[in-house]
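Novice: Sequential numbering of the sequence shown, starting at 1, is according to UniProt numbering.
There's no promise every hint is true.
To be verified - Using 20 Å as the maximum straight-line C-alpha spacing, the simulated EDC-like pairs for lysine to aspartate or glutamate come out as follows:
1. Lys231 x Glu114
2. Lys147 x Glu114
3. Lys108 x Asp146
4. Lys41 x Asp97
5. Lys231 x Asp95
6. Lys231 x Glu221
7. Lys225 x Asp184
8. Lys147 x Glu221
Rather than coming from a laboratory, the hints here were simulated on the basis of the structure.
Keep in mind the model is a prediction, meaning the values are calculated, not measured.
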Amino acid sequence: MAVWDNLIRFGRPCHRSSVKGYATIDDLESETGGVDVTVEKLLAPVPTTGIPIICVGLNYWNHANEASLTSALVARLSIPATPPMWYKPAASLADLDTEVPFPVQAQKFFPDFEGELTIVLRKSMKNVAAADRSCGGQYTYAKGFDKFAPLGPRLVNPSHITPDARGSITTRVNGCTVQNSPLDFIFAVDQLLSFLSQTTTLPAGTAILTGTPAGHGDVVEVEVKPIGVLKTTIVFEK
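All chains, please: the whole structure from these sequences, using the hints.
Specialist: See below:
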């Protein structure tokens, strides 16, 4: 079990004549002085090198009901027996408070607002049973543009998001709330981890976007309580 409550990712040191190395984490912790400092720029909680980003579709009850009323296609579908999923390329990751380019190819079909709770794996897993959780269209093209997966503002220990107090997710565009929903998953976190890890090894650091909740130059803010607010600016490419 992780001993931390909140965690951010640090970039590599630069403009230094030398870099100090430590054999173990204990050596590093022994030199901490308990001094509070200000982080100049928050990075995405996971790196952009070789880490899969797995997306789960239609995983909120209220969004599924909303979609069935607004989409003729979804209206003909029942709730799936297994979670629908696809992958995003690592280049779609974006840091906090960054500009996200909106490709010309996609501007004809204006995207939906999608703020999602994301699971980041602490260790690799494969063939996980749901009960083991405590022990351990063209979706890819249309959802995989560069920087189309901003993550943040930090990682939160899962013990802070319990079944009794699952929190909520809110998305704002230019200050106006467009999504406000409890985390009412169709497929719970343990079910997602079990399904996605069957016959496929999920490496540590894998990010799993858990689905879209309900709701209808833009500044997009996604807030998941108790994690925090992720702020992103959308820039239309020309």
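Novice: Going back to the hint list, which numbers does this structure go against?
Specialist: The structure breaks none of the hints.
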